[in-house]
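**Student:** The listed protein sequences correspond, in order, to chains A and H.
Note that this note's numbering numbers the first sequence so that position 238 is 484, with each residue one more than the last.
Note that this note's numbering numbers the second sequence so that position 427 is 673, with each residue one more than the last.
Any copy, or any two copies together, can satisfy a pair, since identical chains are not distinguished.
When the alpha-carbon atoms are kept at most 30 Å apart in a straight line, the in silico BS3-like pairs for lysine-lysine are as follows:
id : residue 1 : residue 2
1  : Lys554    : Lys304
2  : Lys343    : Lys650
3  : Lys650    : Lys340
Since the hints were derived computationally from the structure, they do not count as laboratory data.
These figures come from a predicted structure and were not determined experimentally.
Number of protein chains: 2
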Amino acid sequence: MTAVSPDIVAHTWETIATVLSPHGPNGTYNASDFSIHFFLQLAVIILTCRVVGWLGQKFLGQPQVVGEMIAGVILGPSLLGLLFPDFQAAIFPKETKNVLYVGAQFGVGLYMFLVGCSFRGDHFAKKGKSAFAVSLSGIAAPFLLAVLITPWLMTIPGLFAEGISRFNATLFMGACIALTAFPMLARIINERGLANSSLGTLSLTAGAFDDAVSWCVLAVVLATFGGGPGIAVLAIGGGVLWALFVVFIGRRLLAPLGRAVEARGEMSYTVLAITLICFCTSAFVMDVVGIHAIFGGFILGTAMPRGKFVQELKQKVEPLAVIMLLPMFFTYSGLNTRLDMVNSLSLLLVALAILAVSVLAKFGACYAAARISGEDNRTALGIGALMNSRGLMELIIINIGLQKGIIGPALFSMLVLMAIVTTVMASPVFEMVYGRKARESGELGAVPDNAAS
Amino acid sequence: MTAVSPDIVAHTWETIATVLSPHGPNGTYNASDFSIHFFLQLAVIILTCRVVGWLGQKFLGQPQVVGEMIAGVILGPSLLGLLFPDFQAAIFPKETKNVLYVGAQFGVGLYMFLVGCSFRGDHFAKKGKSAFAVSLSGIAAPFLLAVLITPWLMTIPGLFAEGISRFNATLFMGACIALTAFPMLARIINERGLANSSLGTLSLTAGAFDDAVSWCVLAVVLATFGGGPGIAVLAIGGGVLWALFVVFIGRRLLAPLGRAVEARGEMSYTVLAITLICFCTSAFVMDVVGIHAIFGGFILGTAMPRGKFVQELKQKVEPLAVIMLLPMFFTYSGLNTRLDMVNSLSLLLVALAILAVSVLAKFGACYAAARISGEDNRTALGIGALMNSRGLMELIIINIGLQKGIIGPALFSMLVLMAIVTTVMASPVFEMVYGRKARESGELGAVPDNAAS
Numbered sequence: 247m248t249a250v251s252p253d254i255v256a257h258t259w260e261t262i263a264t265v266l267s268p269h270g271p272n273g274t275y276n277a278s279d280f281s282i283h284f285f286l287q288l289a290v291i292i293l294t295c296r297v298v299g300w301l302g303q304k305f306l307g308q309p310q311v312v313g314e315m316i317a318g319v320i321l322g323p324s325l326l327g328l329l330f331p332d333f334q335a336a337i338f339p340k341e342t343k344n345v346l347y348v349g350a351q352f353g354v355g356l357y358m359f360l361v362g363c364s365f366r367g368d369h370f371a372k373k374g375k376s377a378f379a380v381s382l383s384g385i386a387a388p389f390l391l392a393v394l395i396t397p398w399l400m401t402i403p404g405l406f407a408e409g410i411s412r413f414n415a416t417l418f419m420g421a422c423i424a425l426t427a428f429p430m431l432a433r434i435i436n437e438r439g440l441a442n443s444s445l446g447t448l449s450l451t452a453g454a455f456d457d458a459v460s461w462c463v464l465a466v467v468l469a470t471f472g473g474g475p476g477i478a479v480l481a482i483g484g485g486v487l488w489a490l491f492v493v494f495i496g497r498r499l500l501a502p503l504g505r506a507v508e509a510r511g512e513m514s515y516t517v518l519a520i521t522l523i524c525f526c527t528s529a530f531v532m533d534v535v536g537i538h539a540i541f542g543g544f545i546l547g548t549a550m551p552r553g554k555f556v557q558e559l560k561q562k563v564e565p566l567a568v569i570m571l572l573p574m575f576f577t578y579s580g581l582n583t584r585l586d587m588v589n590s591l592s593l594l595l596v597a598l599a600i601l602a603v604s605v606l607a608k609f610g611a612c613y614a615a616a617r618i619s620g621e622d623n624r625t626a627l628g629i630g631a632l633m634n635s636r637g638l639m640e641l642i643i644i645n646i647g648l649q650k651g652i653i654g655p656a657l658f659s660m661l662v663l664m665a666i667v668t669t670v671m672a673s674p675v676f677e678m679v680y681g682r683k684a685r686e687s688g689e690l691g692a693v694p695d696n697a698a699s
Numbered sequence: 247m248t249a250v251s252p253d254i255v256a257h258t259w260e261t262i263a264t265v266l267s268p269h270g271p272n273g274t275y276n277a278s279d280f281s282i283h284f285f286l287q288l289a290v291i292i293l294t295c296r297v298v299g300w301l302g303q304k305f306l307g308q309p310q311v312v313g314e315m316i317a318g319v320i321l322g323p324s325l326l327g328l329l330f331p332d333f334q335a336a337i338f339p340k341e342t343k344n345v346l347y348v349g350a351q352f353g354v355g356l357y358m359f360l361v362g363c364s365f366r367g368d369h370f371a372k373k374g375k376s377a378f379a380v381s382l383s384g385i386a387a388p389f390l391l392a393v394l395i396t397p398w399l400m401t402i403p404g405l406f407a408e409g410i411s412r413f414n415a416t417l418f419m420g421a422c423i424a425l426t427a428f429p430m431l432a433r434i435i436n437e438r439g440l441a442n443s444s445l446g447t448l449s450l451t452a453g454a455f456d457d458a459v460s461w462c463v464l465a466v467v468l469a470t471f472g473g474g475p476g477i478a479v480l481a482i483g484g485g486v487l488w489a490l491f492v493v494f495i496g497r498r499l500l501a502p503l504g505r506a507v508e509a510r511g512e513m514s515y516t517v518l519a520i521t522l523i524c525f526c527t528s529a530f531v532m533d534v535v536g537i538h539a540i541f542g543g544f545i546l547g548t549a550m551p552r553g554k555f556v557q558e559l560k561q562k563v564e565p566l567a568v569i570m571l572l573p574m575f576f577t578y579s580g581l582n583t584r585l586d587m588v589n590s591l592s593l594l595l596v597a598l599a600i601l602a603v604s605v606l607a608k609f610g611a612c613y614a615a616a617r618i619s620g621e622d623n624r625t626a627l628g629i630g631a632l633m634n635s636r637g638l639m640e641l642i643i644i645n646i647g648l649q650k651g652i653i654g655p656a657l658f659s660m661l662v663l664m665a666i667v668t669t670v671m672a673s674p675v676f677e678m679v680y681g682r683k684a685r686e687s688g689e690l691g692a693v694p695d696n697a698a699s
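The following block holds chain A by itself, in its conformation from the complex:
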C-alpha cells in the first residue's frame, strides 16, 4: 500500500476548485460551468437522498420520502452550509440555482401529473355521517385555527410579504395546515388492502376532499395576490376555463391515446411524446394565467386514459421522475430552508405554536370527528395520524408561497419543520395504534418500499 501524498490531495482539490469556479467573462458562469455543476450536484443530491432515505427506513421505519425531505434540508444552509460554507457554496453556487429550479419544477409538475393519472373519483366513498364529519372537520378546523393564529403571525416582521391582506394570509395558512399527503395516503391504504376498511374509506374520502379544497384555496390566493382585479379575473377565469376544457373536451381528445396503447400492448414513443407535449402545454397554460404549473399537470392527469395507458406511462416516466427530479425539488426546497433564521427563543416558540396548531387542527380534529361519529378509538387514531401527514404536498405549497412572495424565508423554514415533523409522526403513530395489531392478524402487508410523497 502506498500513502497518498498530501501534495496530490492538495493539487486535486485545487483542480476541482478551479473547475468549479466561474469561467465566463467578468466572473460569471458560462454554459459549460452549468453543466459541470449539474453532474456534480445530481450525484450529490441522489446520493444524499438515497442514503438518508435508507437510514430513515432502516432505523426509524420511515417511508423514503421522509428521508428525502430531510436530505434536502441537510444539503442546504441549515446544515452543510453551516458546517462547511465554502464546500456547500462550491457545489451549489447561487448562480446555478435556476437550473436546479427548472428541474425541480418540471419534476414536481410531472409528479403531480402522475398523481392526477392515478386519481380515482371513487375515493369519495360514502360512509354517511362519519365521512362527512371527518372531511368537514379536517378542513374547518385548519381554517378556523388559521383565522385565530394568522393575525398574531402577521405582527411578527418578515413572516409574511409586506402589504399582504389578512384575508390572503389567513387563506394561505389555512391551506398549509389543511393539506394532507393524499398520494402517499392513497398508496399506503391501497397497498395494505385497507381500501374497504373504515379507516381506509374515511381517510381517502376526507383526504381527497380536504386536499381539493386546499388546492382550490391556494389557486384563489395566487389569483388574487399581488395583481389587480384584472389579473385575478384572468387567473380564476383562465384557470377554470382550462380545467373545464381539459376535463370535458380534453378527455375525449385524449381517449385515442389509450386505445392506441391497448391495441399495441405497449406505449409507443409517439404516444409518449404526445403525452409529454400535452403535459408541458397544460403546465404552461396554468403558469401563463397566473395559477401554477402543477395545477396544469394534475388536472391533465385526471383526464388521461386509464388502464394500460397509465401503467405504461408510469413505467416509462416514474423512475427518472422519482429518483432524479423529485430529489432536485427536495434539494431546491432545502436550499431555501434556513433553520438558522429561527434563531431566538421567541421565534422557536412561534415555530412550535405553528406545529401545535397544525397537529391539533388535523390529528386532533379528525380524531375527534371520527370518535364522535362512532368509530372505535384505534380507527380514529389511525385516521388522525394519516390525515396529519403532509409530506411532499406541504413542501410544494410552501415553495409556491415563497416563490410568489406570499411568505418570507423565516415562515417558510418553520413550515418546513412542521411538514417534516407531522410526516415523521405518521408512521410510528399509525404503527402503534393500528399497524402492529393488524399485521399480527395478517390484515396488513409490508411497508411499501418506494413510496414517494
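Model the placement of chain H on the given structure of chain A, informed by the hints.
**Tutor:** Chain H alone, transformed into the frame defined by chain A:
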C-alpha cells in the same frame, strides 16, 4: 359557431408576451421565468421533432433522427429566427439557453452511457483482409484529406479559433470526417439480422474502430487545446487513469448491481439510483480533467453489467432520454447553427468542398477498400453508405468543438450541413443498392421505428 373577437386574440397574445418577458430586477429573468419558458420550449421542441421526424419517415423514408436533426435547425436562427425573429426570440431568449444546454448535455451524456452499455467488443469481428482494409481506409482517408484541406480552411477568417495550431485544427477536422453514426449503424444491422453478413461484419468492425480512433483523437485535441502542457498532462493522464479505473476496477465493483437485478427479476429504484450516481460521477470526472462528460458516460457504460441489467436500465431511462433530452440537444445545436453565415458564393463553395471531401473520405474510401478486398459491388456500396452516415455523433463532436472554442459558428454551421446531408444520403443509397433486393428475398426486416442517432 361564434367568431373569436380580435380583442380576445390581441389580449391573449399580449398576456403571453407579458408572461414571457423577464420579471426579475433590472430586466433579468428570475427563476420562475425560466420554468415557464422551459415548459413552453419543451412542448415546442418535442412537437417539432416529432412532426418533422414523422414527415421524414413518411415521405423520405428517413430514420427519426434525421428529422430531429433538421427540426433543431428549423427552430434556430436559420429558419424560425429568419422568418419570425420576435416569435423565435420570445420562445428561446438567449438567457434561457443555459437551461437548455444543461438538459442537452445531460441527455447526450446519458445517451452515450446507454450506447456504452450496448457496446459489444465482439463487434470487432475478424474477416481478415477486408475488415482491416475498410477500417484502415475509413480512418486514413479522412485524416489524409484533413491534412490537405485544413491549411486552406485556416486561411478563411472565422472558421477556426484564433491561434489554434495547424496540428490541432487538422486532427479536429480529421475526427469530424472520420466519425460514423456507429450506434445507428449497429442498431440497423442488428435489427435487420445482417450481423453475420459481409456487410454487417465489415461495417460494424470498421465503424467501431474508426469511431474509437476519432473519439480518442478528439480527447487529445481537447487535452492539448488552449491550456499549457500541465493541463494537457492532467487531461490525458486523468482521462486515461479514470478510463482504466472504470474498465478494470469499476467493472468488478459494479458487477453486484447486475446480480441484484438478475435475482430480483427487475431493477429496483436503489440500483437505478446507484447507476445514475455512478453516471453523474463519471461524467463529472471526465469534465473536471478537461476531456468531456460524454466520454465519462460512454466509458462507464462499457463497464456496466450486461444482460437483464442493461435491458431494465434502457426500459427505465431511454424513453425520457430519447423523447425529451435528445431533442433538447438537437434544438440547442440548431440554435447555434447559423446557415445565414454561409452567405456568399465563396463560403457556399467552402461548405460544398467540406461535404465533398467528407463523402469522398468515407463513402469513397470505404467502398474502394471493400471492392479491392474482393467484396461485390452491392456490398461495397452498402458499406460505403453506412460508413458515410454521421448522424447524432457528428453533432456531438462539433458542438464540443464550438463550445470549447476550437471552431467558430460559420464552420460549425457548415459541418451541421455536412452531418445532415451525409446522414440523409445513407437511407436511400442503402435502400437502392442493398435494401430493396434484400427485402424482396425476405432477408431484411422493416425499418426500425425509434432509431435515434
